[in-house]
Amino acid sequence: TMPDCRLLIVDDHGMIREGLRALLANAPGIVVVGEAQDGHEAIALCRSLQPDVVLMDLKMPLLDGVSALTLICRRWPKILIIALTSDVSEHHAALALEAGAVGYVLKRSRRDDLLQAITQVRAGKIFIDAGLDASQVIALRNSGETASGITLTERERQVLKLVAEGSRNRDVAEILCISLKTVETHRLNVMKKLDAHNAADMTQWAYRLGLLGEGQ
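Count along the sequence shown starting at 1, add 1, and that's the number in this note's numbering.
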């Protein structure tokens with residue numbers, strides 16, 4: 002008999018966390034051990050609680066779900082993460098799976114679907130919500146059209162990391178001993194490749210690509 006599943010709920014909306022806790026309150030074999038409202042808090046609770054399964058919202062402030070689950074899977078590979086999101090997108094599902102998630106459940110789904118997802122991932126299987134084309138999700142994940150398919154030069158990675166750490170263009174130029182114009186060119190190239198529109202987007206990508214540690 003499999004021991005009770007120790008579950009961590011991660012979502013930036015308190016009402017959703019409360020709803021999920023109530024939804025799972027009487028579910029056999031499931032114990033909700035904690036709640037987190039952003040990616041940083043999720044990482045801290047994974048360290049202290051060591052849950053079996055994490056229900057992870059993907060769109061959160063401070064540190065988004067994909068970035069958080071990337072770090073969690075790298076540090077604690079035994080923790081199983083199910084992305085729980087309203088985003089009906091095969092591409093985003095593939096990105097979540099490539100980052101380390103083993104399940105992708107839509108928030109509009111039924112309680113039974115969520116319970117099935119938890120049971121299935123604990124059995125070592127991948128769960129993809131019926132609202133998505135599972136074959137397309139897997140094909141996208143295997144095609145390299147997600148985070149691993151993005152190719153940055155070593156200099157571009159250095160610039161991305163420094164910008165994500167809060168450095169201004171002039172600071173980056175001084176640190177790397179290159180001209181300000183060169184920094185601006187690298188930054189524009191990085192933003193174009195990542196489809197990033199500002200420093201916050203670049204920071205999220207730096208996490209996803211493993212350029213930043215959890216303390217950043």
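By construction, these hints were calculated from the structure, which means they are not laboratory data. Treat the hints loosely; a few may be bogus.
[Claimed, not checked] Only pairs whose alpha carbons sit at most 25 Å apart, straight line, appear in this in silico BS3-like list of lysine-lysine:
#1 Lys-79 <-> Lys-126
#2 Lys-126 <-> Lys-194
#3 Lys-126 <-> Lys-108
#4 Lys-193 <-> Lys-60
#5 Lys-162 <-> Lys-194
[Stated by the list, open to error] FRET-style restraints, in silico, Cβ to Cβ:
#6 Ala-26 <-> Ala-200: 37 to 45 Å
#7 Glu-175 <-> Ala-135: 44 to 52 Å
#8 Glu-19 <-> Gln-137: 12 to 20 Å
Every value quoted in this text rests on a predicted model; they were computed, and no experiment measured them. Note that the Cβ used here is the ideal one computed from N, Cα and C, for glycine as well.
Legend entry - Hint numbers contradicted by this structure: 2, 8
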